[in-house]
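Residues 1 to 321 (my numbering) make up the sequence shown, in order.
It is possible that part of the hints are untrue.
Listed next, with one range per pair, are the computed distances between beta-carbon atoms [said to hold, decoys possible]: (1) G35 to D224: 24 to 30 Å; (2) Q231 to A15: 17 to 23 Å; (3) N232 to F44: 26 to 32 Å; (4) V221 to A15: 16 to 22 Å; (5) Q17 to G271: 33 to 39 Å; (6) G223 to N289: 15 to 21 Å; (7) G49 to V221: 14 to 20 Å.
With a cut-off of at most 20 Å between alpha-carbon atoms, the simulated SDA-like pairs for lysine to any residue come out as follows [stated by the list, open to error]: (8) K240 to L229; (9) K310 to D243; (10) K310 to S290; (11) K240 to V221; (12) K240 to A302; (13) K240 to D272; (14) K310 to L320; (15) K310 to N256; (16) K240 to R217; (17) K310 to S252; (18) K240 to G271; (19) K240 to T215; (20) K240 to Q47; (21) K310 to F273; (22) K310 to L52; (23) K310 to L229; (24) K310 to V3; (25) K310 to Q222; (26) K310 to G253.
Hints in this document: simulated from the structure, not taken from any laboratory.
All C-beta atoms in this analysis are idealised placements derived from N, C-alpha and C, irrespective of residue type, glycine included.
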Amino acid sequence: MIVCPNCNHPNPDGAVQCEACYTPLPTTSNCPNCGATVQADAAFCGQCGYNLHSNAAPAAATSVATVAPDIPVEVPQLVEPDPLLELLQPDPLGINSDPNPNQPATLPLPPTAMLVSPPPAPAAEIPPSSSTPTVAAQPLVSEPEVPTPSPEPEPASAVVEPPAAEPEPEPEPEPASAVVEPPAAAPEPEPEPVTVAAAPTPMPSASMTQLQQVTARLFYVQGDREIQLPQNLSVIHIGKSNDRIPPDVDVSGFSNSEIVSRIHADIRIEGDFHYIEDVGSSNGTYINNSPLLPGNRHRLRAGDRISLGKGDLVTFLFQLA
1 MIVCPNCNHP NPDGAVQCEA CYTPLPTTSN CPNCGATVQA DAAFCGQCGY NLHSNAAPAA
61 ATSVATVAPD IPVEVPQLVE PDPLLELLQP DPLGINSDPN PNQPATLPLP PTAMLVSPPP
121 APAAEIPPSS STPTVAAQPL VSEPEVPTPS PEPEPASAVV EPPAAEPEPE PEPEPASAVV
181 EPPAAAPEPE PEPVTVAAAP TPMPSASMTQ LQQVTARLFY VQGDREIQLP QNLSVIHIGK
241 SNDRIPPDVD VSGFSNSEIV SRIHADIRIE GDFHYIEDVG SSNGTYINNS PLLPGNRHRL
301 RAGDRISLGK GDLVTFLFQL A
């Protein structure tokens, strides 16, 4: 029997969706370690804690190894067209048995004749070399004549003009009067606005972070007591003290705790949602008086009633604040 996680309707084994609300039902499988029934998407076995994803890694490695040797098998097939190249070779049938077949080696002689032609090319380059010195001789004669006469008279006239502008340094006493003014402005330093930047800015940031926090807790009905769920854990174990998986919510001191298994149930936190699942307890887990089968999980909402064991003797109310 598979219990719907949405409406808690019991469905027959093998059902794909709920008969009451048509919600897709979670698929289950067996733990490869202990054989317990677990959900197909579960990461760990709720009975023995075995890592269910450990079998997926070696399977991927073997699939890659089988593909590698298939690639080089196709390469030798590309060598088949080699017989066609043999027909293009001289005397492919081997008719000429004389040593004269070595004469085709004289075919590279035409390229040697081509090598003889490049020597006359450098001989043609000699005449342009003779033209270069004649061009260089002309600028040597023209350059010294132009710069020598023109620059000499110009600096003589330019040196005479600047002394006429020397009487201008008289306005120097004016900056002395301007220097006297800054000390009068010295009493103006009023850096008192520093007090305005006291500490009003951190106040709104602290209030904003507090509004985003959502805390979950369990209210123990029989003992009128609240239990805060730790926020730094993704899986919260509920049960009694043991050597295998120590509980985060220990009910050893509660009344009627003998009906609670040492490893009874887990609460998983995924974002802002909380899910509870039975991990193979002896007396079962009940949500809103409906049994929760091992391997299935139920999304908790504010006000849900959680009973550990039969008879509603150890009961909690799920609350959000």
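Against the structure, the hints:
1. G35 to D224: 24 to 30 Å: Roughly 41 Å apart at Cβ, these two residues miss the hinted range, so it is violated.
2. Q231 to A15: 17 to 23 Å: violated, 36 Å
3. N232 to F44: 26 to 32 Å: Cβ of N232 to Cβ of F44: about 19 Å, so the range 26 to 32 Å is violated.
4. V221 to A15: 16 to 22 Å: For V221 and A15 the Cβ distance comes to about 33 Å; the hint is violated.
5. Q17 to G271: 33 to 39 Å: violated, 25 Å
6. G223 to N289: 15 to 21 Å: Once the Cβ atoms are compared, 20 Å apart, the range 15 to 21 Å for N289 and G223 holds.
7. G49 to V221: 14 to 20 Å: violated, 30 Å
8. K240 to L229: holds, 16 Å
9. K310 to D243: violated, 25 Å
10. K310 to S290: Given that 20 Å is the threshold and the Cα spacing comes to 11 Å, the pair holds.
11. K240 to V221: holds, 18 Å
12. K240 to A302: violated, 25 Å
13. K240 to D272: violated, 27 Å
14. K310 to L320: Distance of about 25 Å is beyond 20 Å: violated.
15. K310 to N256: holds, 11 Å
16. K240 to R217: Distance of about 18 Å is within 20 Å: holds.
17. K310 to S252: holds, 17 Å
18. K240 to G271: Not satisfied, since the Cα-Cα distance of roughly 27 Å exceeds 20 Å.
19. K240 to T215: Answer violated: K240 to T215 is near 23 Å, above 20 Å.
20. K240 to Q47: Holds. K240 to Q47 sits at ~15 Å (cutoff 20 Å).
21. K310 to F273: The given pair, whose Cα atoms are some 26 Å apart, is violated under the 20 Å limit.
22. K310 to L52: Cα-Cα ~30 Å, so violated.
23. K310 to L229: Violated - the C-alpha atoms of L229 and K310 are around 23 Å apart, more than 20 Å.
24. K310 to V3: With a Cα-Cα distance of about 17 Å, the restraint between K310 and V3 holds, given a limit of 20 Å.
25. K310 to Q222: Cα-Cα ~14 Å, so holds.
26. K310 to G253: With Cα atoms ~18 Å apart, K310 and G253 stay inside 20 Å; holds.
Hints 1, 2, 3, 4, 5, 7, 9, 12, 13, 14, 18, 19, 21, 22, 23, counting from the list given before, are not met by this structure.
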